[in-house]
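Here the structure of chain L is known, so what remains is to put chain Y in place on it, guided by the hints.
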Amino acid sequence: MTATATRPVITGIGVAAPTGLGADAHWAAIVEGANGIAEITRFDASGYPVRLAGEVPGFEAADHIPSRLLPQTDHMTRLALYAAGEALNDSGLDLAALPPYQAGVSSASSMGGFEFGQRELQNLWSKGGRFVSAYQSFAWFYAVNTGQISIRHGLKGPSSAVVTDQAGGLDAIGHARRQIRKGTKVMLAGGVDGALCPLGLAGQLASGRLSPEDRPERAYLPFDEAASGHVPGEGGAYVVLEDPASAEERGARVYGELAGYAATFDPDPRDPETDGLERAIRAALADADRTPDAIAVVFADAAGVPEADRAEAAALTAVFGARGVQVAVPKAQTGRLYAGGAALDLVSALLTLRDGSVPPTAHVTSVAADCPVDLVTGQARPLTGDAALVLARGEGGFNAAAVVTTTN
Amino acid sequence: MSANGVTALSIDDFTRILRESAGEEEAVDLSGDIADVLFTDLGYDSLALLEVAGRITRDFGVALPDEGLDGAETPRAFVDLVNSALSGS
Numbered sequence: 002m003t004a005t006a007t008r009p010v011i012t013g014i015g016v017a018a019p020t021g022l023g024a025d026a027h028w029a030a031i032v033e034g035a036n037g038i039a040e041i042t043r044f045d046a047s048g049y050p051v052r053l054a055g056e057v058p059g060f061e062a063a064d065h066i067p068s069r070l071l072p073q074t075d076h077m078t079r080l081a082l083y084a085a086g087e088a089l090n091d092s093g094l095d096l097a098a099l100p101p102y103q104a105g106v107s108s109a110s111s112m113g114g115f116e117f118g119q120r121e122l123q124n125l126w127s128k129g130g131r132f133v134s135a136y137q138s139f140a141w142f143y144a145v146n147t148g149q150i151s152i153r154h155g156l157k158g159p160s161s162a163v164v165t166d167q168a169g170g171l172d173a174i175g176h177a178r179r180q181i182r183k184g185t186k187v188m189l190a191g192g193v194d195g196a197l198c199p200l201g202l203a204g205q206l207a208s209g210r211l212s213p214e215d216r217p218e219r220a221y222l223p224f225d226e227a228a229s230g231h232v233p234g235e236g237g238a239y240v241v242l243e244d245p246a247s248a249e250e251r252g253a254r255v256y257g258e259l260a261g262y263a264a265t266f267d268p269d270p271r272d273p274e275t276d277g278l279e280r281a282i283r284a285a286l287a288d289a290d291r292t293p294d295a296i297a298v299v300f301a302d303a304a305g306v307p308e309a310d311r312a313e314a315a316a317l318t319a320v321f322g323a324r325g326v327q328v329a330v331p332k333a334q335t336g337r338l339y340a341g342g343a344a345l346d347l348v349s350a351l352l353t354l355r356d357g358s359v360p361p362t363a364h365v366t367s368v369a370a371d372c373p374v375d376l377v378t379g380q381a382r383p384l385t386g387d388a389a390l391v392l393a394r395g396e397g398g399f400n401a402a403a404v405v406t407t408t409n
Numbered sequence: 002m003s004a005n006g007v008t009a010l011s012i013d014d015f016t017r018i019l020r021e022s023a024g025e026e027e028a029v030d031l032s033g034d035i036a037d038v039l040f041t042d043l044g045y046d047s048l049a050l051l052e053v054a055g056r057i058t059r060d061f062g063v064a065l066p067d068e069g070l071d072g073a074e075t076p077r078a079f080v081d082l083v084n085s086a087l088s089g090s
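Protein chains in written order, with my numbering: chain L, 2 to 409; chain Y, 2 to 90.
Hints are supplied without guarantee of correctness; some may be wrong.
[Said to hold, decoys possible] Reference excerpt, derived from the structure (chain Y facing chain L, CB under 10 Å, subset only):
id	residue
1	G24
2	E26
3	L48
4	L51
5	V53
6	A54
7	G55
8	R59
9	L82
10	A86
11	G89
[As the list claims (entries may be wrong)] Pairwise CB distance ranges (calculated):
id	chain 1	residue 1	chain 2	residue 2	range
12	L	E40	Y	S47	19 to 27 Å
13	Y	N84	L	E40	24 to 32 Å
14	Y	S47	L	Q123	39 to 47 Å
Read the hints as simulated data drawn from the structure, not as lab findings.
C-beta atoms are modelled at their ideal positions from N, C-alpha and C, and glycine is treated no differently.
Chain L with its partners taken away, still in its complex shape:
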């Protein structure tokens, strides 16, 4: 294998999601079909047309975040620091023993620290500029999670923040692979979003894609004939990507390999009829050197909007055939986590490969006739195979696809 074709391995995972704090809690919840969607408690949402969300349960910031960081962090940055810390711990890496600049962090963000920003805007408007926190200079910003994680763990290597909505969770991981191929040994990569505050919800409502349904088990039904949009959520995941030679040298436990990744943009001006997601799937499979029949399970983007679901089903059908591959949507239990969503799906895919069990898509009872996908519903289904495909579409035309495989 040439240096440019290095396929990084995943040696650590960390999760903060509506389905649980920590990867183990999340995995147990999605296999059981437990629901992380409920009425919003982070603020009084009774006056909004959308009152449901996926909130991370039981997160007491002071238990996890140093006091020095509390005044300067938004809620979602605290969740990101938690997930990043768990991923690094889980990897067993001794960061202090790494040469300087050999570990970096790549984060995706869609909204930044909206809740922090809203509070400071309120201070500005009601009391004046002198009441705005000095930390507003960065606490709201898209790159803040990358920066805070980098500082906290001394990750001085190449670092970045990507902003491609839901596709960002995979794009950050794709960017991390690029850095490893350039010679960086370790990259922490993923995404966490969370804007469950009045300003954040107002911004999300503008997409027109949020479900107005108020029953938690009926609000986010991707591929279902009753699909009515999505439920917003908070949280996400980070993974530790490592150069395979370095991981082997230190005897690291390996969850799997990032075998393929591709990103496309809608529409292709040369061929506007071609679906960008289909091109991303084909490119990621080619990058992984796998044929469609080698993919054991797909973690779909699953917009929950009928038109978008049909388009995704059509892309899957074009590549795999109608109902040609089993499809999992654990985000039906978390809501859409935007930049955090696809990173969490990638973690779920790795755990699916590890345990040979595909989590069920909760709540979906009646797959739409015009969405010919083999959706795993009801209960977890056994998995045979060693490769999973993770898909993500970001608002504005971003498509990303990643293939993860077990290593032997």
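Relative to the frame of chain L, chain Y by itself:
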């Protein structure tokens, strides 16, 4: 005299404001005698001190000169700066 009638800031008050505005490093004991310890050794950067200065400006109704803040490298120097501003206003 300041807007709210306070004429002097004590080191203890300052430490409390510091803690509330910018948190405290796990390895540092702010309850000890820190009056002459450098802010950098206490774990506070310039942004943390800007946050503290903003809080004091609001709570005590006093204007702190930016150029003076740059030279205040310890709690005692910072408190002296605040108190001279308070007595001058």
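We went through each hint and held it up to the structure:
1. G24: Constraint on G24 of chain Y satisfied, holds at 4 Å.
2. E26: It holds, given that the least Cβ distance between E26 of chain Y and chain L is near 6 Å, below 10 Å.
3. L48: holds (5 Å)
4. L51: Status holds, d = 4 Å.
5. V53: Since chain L brings a Cβ to about 9 Å from V53 of chain Y, closer than 10 Å, the hint holds.
6. A54: With a minimum Cβ separation of about 8 Å from chain L (threshold 10 Å), the hint on A54 of chain Y holds.
7. G55: This interface hint holds because 6 Å falls under the 10 Å limit.
8. R59: holds (6 Å)
9. L82: Because about 17 Å separates L82 of chain Y from the closest Cβ in chain L, which is outside the 10 Å limit, the hint is violated.
10. A86: This hint is violated: A86 of chain Y lies away from chain L, its Cβ roughly 15 Å from the closest one there, beyond 10 Å.
11. G89: violated (19 Å)
12. L:E40 to Y:S47: 19 to 27 Å: At 42 Å between Cβs, range violated.
13. Y:N84 to L:E40: 24 to 32 Å: violated (51 Å)
14. Y:S47 to L:Q123: 39 to 47 Å: violated (26 Å)
Hints 9, 10, 11, 12, 13 and 14, counting from the list given before, are not met by this structure.
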